[in-house]
Amino acid sequence: MGRAMLDATNTQKTLVTVRGLKMYFPIHSGFLRRHTGDVKAVDGVSFDIYEGETLGLVGESGCGKSTCGRALIRLYEVTDGVVTINGKEIAKANPQDLRAMRPTMQMVFQDPQASLNPRMTLASIIGEPLIEHTKMTKAERQARIYELMDAVGLNRSFVNRYPHEFSGGQRQRIGIARALALNPKFIVCDEPIAALDVSIQAQVVNLLEELQARLGLTYLFISHDLSMVRHIADRVAVMYLGKVVELGPRDAIFADPLHPYTEALLSAVPEPDPSLENTRERIILKGDVPSPANPPKGCNFCTRCPKVMEMCRSIEPTYREVQPGRFLACHLYDQNNTSAGSTSGIEASQKHVQQGELQ
Amino acid sequence: MPDGALPVLDVKGLKVVFKTRGGEVHAVNSVSFDLKPGELLGVVGESGSGKSVTMMSLIGLLPSPPADVREGQVLFDGQDLLTCTPDTLRSIRGARIGFIFQDPMTSLNPVFNVGFQIMEPLRKHMKLSKAKAADRAVELLELVGIPDARRRLDDYPHQFSGGMRQRVMIAIALACDPQVLIADEPTTALDVTIQAQILELVRDLRRKLGMAIVWITHDLGVIAGIADRVMVMYGGQVVEQSPVKDLFRNPQHPYTRALLKTVPGVLGERPEKLNVIEGQPPILMAAPSACAFRDRCAFAMPRCAKENPARVQVGAGHDVACFWDPATNGPRNA
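In order, the protein sequences belong to chains D and X. Counting from 512, one number per residue, gives the positions in the first sequence under the numbering used here. Counting from 384, one number per residue, gives the positions in the second sequence under the numbering used here.
Source of the hints: derived by calculation from the structure; they are not laboratory data. Among the hints, erroneous ones may be present.
[Claimed, not checked] Computed beta-carbon distance windows for the label pairs:
id	chain 1	residue 1	chain 2	residue 2	range
1	X	Arg586	D	Thr547	40 to 50 angstroms
2	D	Asn605	X	Asp537	45 to 55 angstroms
3	D	Asn805	X	Gln462	49 to 59 angstroms
4	X	Asp537	D	Ile538	23 to 33 angstroms
5	X	Pro420	D	Gly727	58 to 68 angstroms
6	X	Glu661	D	Glu639	28 to 38 angstroms
7	D	Ser786	X	Thr571	22 to 32 angstroms
8	D	Thr547	X	Asp537	23 to 33 angstroms
9	D	Ile795	X	Pro446	48 to 58 angstroms
10	X	Asp587	D	Thr547	38 to 48 angstroms
[Claimed, not checked] A short list of chain X residues far from chain D (calculated; beta carbon distances all over 12 angstroms):
id	residue
11	Leu445
12	Leu465
13	His508
14	Gly528
15	Gln580
16	Arg590
17	Met668
18	Pro714
We put the CB at the ideal spot given by N, CA and C, even for glycine.
Same shape as in the complex, but just chain X:
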């Protein structure tokens, strides 16, 4: 990953609100991040932390209503995806930005064979003839490691196993050679041995194709093995962002620190008792006026209830949104 390269995707101050009968839910609050060419950005957070909503709103995949993208800019190749025309967005989505969803069974259409589904973006976006598209589809299926590809084009999704279906999804997402691939919990529904296969495939594809990837997950183990940079989300906000090694070696935010301690591993020492983050994730019925984590935080200060901390730089490419400084165990000097 070349340093200082222009980001392929630059998100600034994104804000998404859901209108529900019970009031407005502030799912994403002023999220900013960028994605450099060829980089793998891991996004971690619990369910409801806004990680999927952020990524889906980038390319207009949220139904509106109820969703409402209030503020922000999503710059992709100099264009703001939030203000561009639906036609422009359609020409980018699926072609230059690919998407892989969590559950490969519900995201593939059961009444079309997989050949049709892989060829669809090729014919729509790249205007390939049927025969050319079929050849490319076979190439793609071989690329993602599906044996006997030519024959399997005529098979339907139910004839594939879970891991194979996820490979098909990856093939569809890669069909038009995207610059950016957004993967939303792509291995969560899979078994560990199949997950290991898919992770190996993604490592291999990155070497071959070099696209930038956003990888959403709640599994810190997956992040450790695959990401270059990590963004931790909590309560609809980015609370910490850092190169992967730095995050695991020197976590700054109390949430990140607690999260790393609650997850047991299969190697190394086995703790007698698991560390627990007490309490529940916040319900985001109002725009944040204070730190969203303060009720569960062991280091909360009076200031945390009054102000929402902004992200401050703490190291090379490492920033955190917290008033507490682990180095001094006191307030952070701004």
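Chain D extracted, bound-state conformation:
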């Protein structure tokens, strides 16, 4: 898959490019602790994030979405692959260069309780990146800290308080203020609302959207909450067992999911409306996600797929663009696939593929 093809349909500027990202965690076992295998948490993932957009990354727990987000800004030493952020290669950069790149990319973590040092005051938490990466004087730093607190809606009088004095939603605001301190371009939000109550979730999501509009931020929004992703994301990538199985514009993904996994995932989300909920057709997947240490042969989803075919168990589907802007890894949409049963989805897909060829 060439880069030219990926970019062909979009004129927006690409901020983050990921190609063939792999993150394996070694398994050591036996008396000599020999390297006996790998947990393939992220196994060959490619996508772009455009400047100013929010890419939602969804999937079930253990599918590798958080690992992907962390590997992307090199909180792990990646196994293989190329990641460029704002034109600079990061996956293999040396530590000095990497340090210089840190201010452009930041992260908001899932658990605001665990990601804030309980022995530091709010001022020292938000001010720490400023000390590390800038040459601001104490007064300038103080001014910047107040500015950030205003931006995320924290009262200035809280500046000398400790994290335990804040509620969950406020703590997440501190985490966001810290991430914003160095004027980043790109922020990885790793389940930023998962630990919060429903009524507080909306507050934080609105804050993230407002900051994006004001500061022109680019987000990778990692979440398992599909309804929130539908709200905040411009494009959505669906991960399953270390791979991106489908990626496309938000409305297209939610209205017309192509991959059987996306379809099942969407149908599993309970809808807060009893009349809709009782008439909906549900696809209930059988069984559990296989272990990423020992993924199945062929397509990773073949063990649970309701539309599985013979070839899925032996040949791995390639991830490619099936419609302008929509990427997919599924044999159902192979163009010369005639052996599959004739469901309407397949016929429709062949039409899509033909459209894709014309371009």
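Given chain D, work out where chain X should sit, using these hints.
For chain X alone, coordinates are given in the frame of chain D:
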């Protein structure tokens, strides 16, 4: 669900207080509800709204101190569970009232195999022999959809996945054919596809076994798909109670209305901006003398700061604790 049937569980004026170093926390304030045979009652609320504490105090699962059940009556089969002897309570808990907890990993004992844990209530409550209990355990595991049940009896909890562990928990809760099942956020720790499996299982079990269920959750989507009747809790009180369709079609309490608007769906129209309930949930350091929601309420009136609204009937099986009437956008005529 037969109308007018005698409730299996009738809770009246329940009040629970926690004694802490900082003072008393009024976690549950005069909560009353009943549960009819075969009905599924959904209980919704944010963390700290008192939904779990209410249900745990019913069957004496709260450690005391710090918890103190101050007032109230819990009538189960003509007996008051709050005043009965510990022996009576023990014979009811786990046998006629089953419980499923949120996190299946911490509620299963890691050093016993699951067979032992399913057989324990069967041997204690039903006095079954080991062989009979094992047969019943296999039956139960098959009922909750665990394949290869006989062999899996010897497995330990860590050998099961999250969804399978929750199935084991359900099997334990169902072991003695309970009349009432209390499920405290049973799918919150699970992935959506696994949650869908468990919800389907519960629908199926209700058809087969017909027990009454109390389902605690903060997810309105889950409630919409599974409940017959819903009770909304806020600040340790029941603020609205209604049949499920009515609640979603015609919510009365400003909190319920706001909550329904903050939750986006995956179907239907996508709102440009999410509605927000400003402010924080209340800290319950004093017994309520006013409406607990008034600081966050868009329709608060002077009266709301002086009096705590009582629950008033607004429709068939629908009651609300609020002075404001959405139909007239003014004070409610009592």
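Quick rundown of the hints versus the structure:
no.	hint	in the structure
1	X:Arg586 with D:Thr547: 40 to 50 angstroms	holds, 43 angstroms
2	D:Asn605 with X:Asp537: 45 to 55 angstroms	holds, 53 angstroms
3	D:Asn805 with X:Gln462: 49 to 59 angstroms	holds, 53 angstroms
4	X:Asp537 with D:Ile538: 23 to 33 angstroms	holds, 26 angstroms
5	X:Pro420 with D:Gly727: 58 to 68 angstroms	holds, 59 angstroms
6	X:Glu661 with D:Glu639: 28 to 38 angstroms	holds, 30 angstroms
7	D:Ser786 with X:Thr571: 22 to 32 angstroms	holds, 24 angstroms
8	D:Thr547 with X:Asp537: 23 to 33 angstroms	holds, 26 angstroms
9	D:Ile795 with X:Pro446: 48 to 58 angstroms	violated, 38 angstroms
10	X:Asp587 with D:Thr547: 38 to 48 angstroms	holds, 41 angstroms
11	Leu445	holds, 22 angstroms
12	Leu465	holds, 30 angstroms
13	His508	holds, 31 angstroms
14	Gly528	violated, 10 angstroms
15	Gln580	violated, 6 angstroms
16	Arg590	holds, 15 angstroms
17	Met668	holds, 15 angstroms
18	Pro714	holds, 25 angstroms
Of the numbered hints given earlier, the model fails hints 9, 14 and 15; all others are met.
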